[in-house]
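Asker: Each chain, written out:
2 protein chains.
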Amino acid sequence: MNKIVECVPNYSVGSNTEIIAKIIAPFQNTPNVSLVNVESDDDYNRTVVTVLGEPEAVCYAMVLSCKQASLYIDMTKHKGEHLRMGATDVIPFIPIRNMSIEECVELSKKCAEMIYQETNIPIFLYSHSATREHCKALPNIRKGQFEGMFEKLKDPMWTPDYGTTVHPTAGVSAVGCRPLLVAFNVDLDTNDKNIALQIARAVRHSGGGYAYVQATVAYIDQKDIYQVTMNITDYTKTSVYRAFEAVRMEARRYHVEVIGSEFIGLVALDCLKDIAAYYLHLPSKEDVDLSLSDTVKVVCENFLVHGFSDQKVIEYHLKEELYVDR
Amino acid sequence: MNKIVECVPNYSVGSNTEIIAKIIAPFQNTPNVSLVNVESDDDYNRTVVTVLGEPEAVCYAMVLSCKQASLYIDMTKHKGEHLRMGATDVIPFIPIRNMSIEECVELSKKCAEMIYQETNIPIFLYSHSATREHCKALPNIRKGQFEGMFEKLKDPMWTPDYGTTVHPTAGVSAVGCRPLLVAFNVDLDTNDKNIALQIARAVRHSGGGYAYVQATVAYIDQKDIYQVTMNITDYTKTSVYRAFEAVRMEARRYHVEVIGSEFIGLVALDCLKDIAAYYLHLPSKEDVDLSLSDTVKVVCENFLVHGFSDQKVIEYHLKEELYVDR
Numbered sequence: 016m017n018k019i020v021e022c023v024p025n026y027s028v029g030s031n032t033e034i035i036a037k038i039i040a041p042f043q044n045t046p047n048v049s050l051v052n053v054e055s056d057d058d059y060n061r062t063v064v065t066v067l068g069e070p071e072a073v074c075y076a077m078v079l080s081c082k083q084a085s086l087y088i089d090m091t092k093h094k095g096e097h098l099r100m101g102a103t104d105v106i107p108f109i110p111i112r113n114m115s116i117e118e119c120v121e122l123s124k125k126c127a128e129m130i131y132q133e134t135n136i137p138i139f140l141y142s143h144s145a146t147r148e149h150c151k152a153l154p155n156i157r158k159g160q161f162e163g164m165f166e167k168l169k170d171p172m173w174t175p176d177y178g179t180t181v182h183p184t185a186g187v188s189a190v191g192c193r194p195l196l197v198a199f200n201v202d203l204d205t206n207d208k209n210i211a212l213q214i215a216r217a218v219r220h221s222g223g224g225y226a227y228v229q230a231t232v233a234y235i236d237q238k239d240i241y242q243v244t245m246n247i248t249d250y251t252k253t254s255v256y257r258a259f260e261a262v263r264m265e266a267r268r269y270h271v272e273v274i275g276s277e278f279i280g281l282v283a284l285d286c287l288k289d290i291a292a293y294y295l296h297l298p299s300k301e302d303v304d305l306s307l308s309d310t311v312k313v314v315c316e317n318f319l320v321h322g323f324s325d326q327k328v329i330e331y332h333l334k335e336e337l338y339v340d341r
Numbered sequence: 016m017n018k019i020v021e022c023v024p025n026y027s028v029g030s031n032t033e034i035i036a037k038i039i040a041p042f043q044n045t046p047n048v049s050l051v052n053v054e055s056d057d058d059y060n061r062t063v064v065t066v067l068g069e070p071e072a073v074c075y076a077m078v079l080s081c082k083q084a085s086l087y088i089d090m091t092k093h094k095g096e097h098l099r100m101g102a103t104d105v106i107p108f109i110p111i112r113n114m115s116i117e118e119c120v121e122l123s124k125k126c127a128e129m130i131y132q133e134t135n136i137p138i139f140l141y142s143h144s145a146t147r148e149h150c151k152a153l154p155n156i157r158k159g160q161f162e163g164m165f166e167k168l169k170d171p172m173w174t175p176d177y178g179t180t181v182h183p184t185a186g187v188s189a190v191g192c193r194p195l196l197v198a199f200n201v202d203l204d205t206n207d208k209n210i211a212l213q214i215a216r217a218v219r220h221s222g223g224g225y226a227y228v229q230a231t232v233a234y235i236d237q238k239d240i241y242q243v244t245m246n247i248t249d250y251t252k253t254s255v256y257r258a259f260e261a262v263r264m265e266a267r268r269y270h271v272e273v274i275g276s277e278f279i280g281l282v283a284l285d286c287l288k289d290i291a292a293y294y295l296h297l298p299s300k301e302d303v304d305l306s307l308s309d310t311v312k313v314v315c316e317n318f319l320v321h322g323f324s325d326q327k328v329i330e331y332h333l334k335e336e337l338y339v340d341r
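So the protein lines, in turn, are chains A and B. Numbering follows the working numbering, in which position 220 of the first sequence is assigned residue number 235; successive positions increment by one, without gaps. Numbering follows the working numbering, in which position 322 of the second sequence is assigned residue number 337; successive positions increment by one, without gaps.
The set of hints was computed from the structure by calculation and includes no laboratory data. Keep in mind it's a predicted model, so treat the numbers as computed, not measured. Please note: incorrect hints may appear among the correct ones.
One copy or any two copies: either way a pair holds, since identical chains are not told apart in the list.
Derived SDA-like pairs (lysine to any residue); straight-line CA-CA distance at most 20 Å [stated by the list, open to error]:
1. K158 / W173
2. K300 / R216
3. K252 / Q229
4. K94 / I34
5. K312 / A198
6. K252 / R268
7. K300 / R268
8. K252 / H220
9. K252 / G222
10. K300 / H270
11. K18 / A72
12. K252 / A226
13. K18 / A283
14. K208 / S299
15. K252 / H296
16. K252 / S221
For reference, chain A alone in the conformation it holds in the complex (with noise of 0.2 Å):
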């Protein structure tokens, strides 16, 4: 089988179809590449791109919607609720069918310098692919923002690995290697957001929790309730049926009910079958013996998940015939 990449850049523009449409469409017009979800927030001013492929053809259409992005964004009149330092904020690289953490790497690091070449936005590498320990960090790398990174670059701590100096529209950029998390929303019955950090503290490492659970809370204005929104950094060590249950008892303390749950962005198929395992009262996710969309119906019907379907799932996509074997 084929090595396939996942890459999730996010670009500094809101709701903007005309921008959005030059910046996806190297996505759409490179084969090999699968252009699977597009998420914007006018709140955030921000959207979040999904695409799988095959990584030479990913890092190719990267660096040409990235130029998109310089092209068409100016930072310079950018405001939003989200901290950004770049048209192209930071481009994740995930493995996710036969490529190993260390040519995801190499990926990152070549689409990096070429984005460089290419646009003269100087690039900082974070995550797996970060040269120096203090640039691991996305938020590190972030502090100070746009408006920031003319004085900060001035600093030998904070020289770029990529370029020297900011670009003057399109700022900085982060690329790296990032392992597959899990981005999990439970919906509280409540509009009590004490509550709602009492839980969310209760789950997370920080605070005595789950080992690979981060977590807030975020007010949902249509709903008039509070969610749990967490990150679960390694889904195969803290399965999420167990950061799910433990929204559920440490709600029960204030009487308060989980009343549904959302997953943000794509989920891997053993991320959803080790949570129906669960369910079915089976050991393992090897011994769920169904098919995508009965697992999404398993965990959607005990998670309460809303706005999920079988196209959020990432093998829906590995299904199609878009990749050529090699």
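Given the structure of chain A, go ahead and fit chain B onto it with the hints provided.
Answerer: Only chain B this time, still in chain A's reference frame:
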């Protein structure tokens, strides 16, 4: 209020009442020291003693007790299922009241030096008292057990903090200040070791579980069941009710019931109040307005605890007028 320290020495002797009487006599005969628990295990061939009291008095009694152990226990003839390296295998000091970690570390060092002066038993400082990183974890020090110590101590890496040569019959001891941990076991309605192991792995930190939980399994012969046996190394971070409810949640997968639980050794009242708060639907332990006895009742009912009583709460002993204010 005066300072109170807890000391929980482990001796390499089973239920030999004659020897135990000689070992515990110093705790019974020293003013301002209270002997609160003695638990012997014949399979382990080991006795765990719990003492509370004024720090200097506890230290003094501990030195005398250790000397008794060195006179009556011969490690060259000792066999047992628990790992061990000395007649008095390990001497943990735990700060209970008006005592900082630093003060407790100082006390442990003083005690270690006095023991060496009195008995010639070489001592390793461990846990918070360790002077070297590789000596923090007791299993590292104890590796090789009594029989292997003669060779091990020739390696400069394993030179004891006090003394250099293994005591021919009393071996080696470890002394240190460690935090108050909760030893807590949950009984499962199964004699399937593999199921018990899967549950233990799911709740312990090393398996992606709760941050401050160590867990393994033990077979309980007289009941023909397995139990998940846990150390909660910081119950102020990972509340004990989370560990209990997590075991119950994981057991559900296998249609296994939680049928009981037990605390090993003494437990602090605030740990029990923290548990009670959850089941009483109160936000925190500070909101639990119950007596010591009523708190114990709430915990026992919800945790299905056996073998517990008010006497196993540290504060029960602190209420007695044993310790003269200085």
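Asker: If a hint holds in the structure, say so; if it doesn't, say that too.
Answerer: Checked hints:
When the C-alpha separation of K158 and W173 is checked against a cutoff of 20 Å, the pair qualifies only within one copy, where the shortest distance is 11 Å, while the shortest distance between copies is 45 Å. Taking the shortest alpha-carbon separations for K300 and R216, only the inter-copy value of 16 Å comes in at or below 20 Å, while the best intra-copy value is 28 Å. In this assembly of identical chains, the alpha carbons of K252 and Q229 lie at most 20 Å apart whether taken from the same copy (14 Å) or from different copies (15 Å). Taking the shortest Cα distances, K94 and I34 sit within 20 Å of each other inside one copy (16 Å), while across copies they are farther apart (77 Å).
When the C-alpha separation of K312 and A198 is checked against a cutoff of 20 Å, the pair qualifies only within one copy, where the shortest distance is 19 Å, while the shortest distance between copies is 41 Å. Taking the closest pair of Cα atoms, K252 and R268 come within 20 Å of each other only across two copies (17 Å); inside a single copy the shortest separation is 26 Å, beyond that limit. Taking CA atoms no more than 20 Å apart as the test, K300 paired with R268 passes between copies only; the shortest distance there is 12 Å, against 31 Å inside one copy. In this assembly of identical chains, K252 and H220 lie within 20 Å of each other by CA distance both inside one copy and across copies; the values are 13 Å within and 10 Å between.
When the C-alpha separation of K252 and G222 is checked against a cutoff of 20 Å, the pair qualifies both within a copy, at 18 Å, and between copies, at 6 Å. For the identical chains of this complex, K300 and H270 are inter-copy neighbours only, at 17 Å across copies versus 32 Å inside a copy, given an alpha-carbon limit of 20 Å. In the homo-oligomer, the alpha carbons of K18 and A72 lie at most 20 Å apart inside one protomer (11 Å), although the nearest pairing across protomers, at 69 Å, exceeds that limit. Proximity of K252 and A226 under a CA criterion of 20 Å is satisfied in both settings, with 8 Å inside one chain copy and 13 Å between copies.
In this assembly of identical chains, K18 and A283 lie within 20 Å of each other by CA distance solely inside one copy; the values are 16 Å within and 55 Å between copies. For the homomeric pair K208 and S299, the shortest alpha-carbon distance between copies (16 Å) is at most 20 Å, but the shortest distance inside one copy (36 Å) is not. Taking the shortest Cα distances, K252 and H296 sit within 20 Å of each other inside one copy (19 Å), while across copies they are farther apart (30 Å). When the C-alpha separation of K252 and S221 is checked against a cutoff of 20 Å, the pair qualifies both within a copy, at 16 Å, and between copies, at 9 Å.
Every hint, counting from the list given before, is met by this structure.
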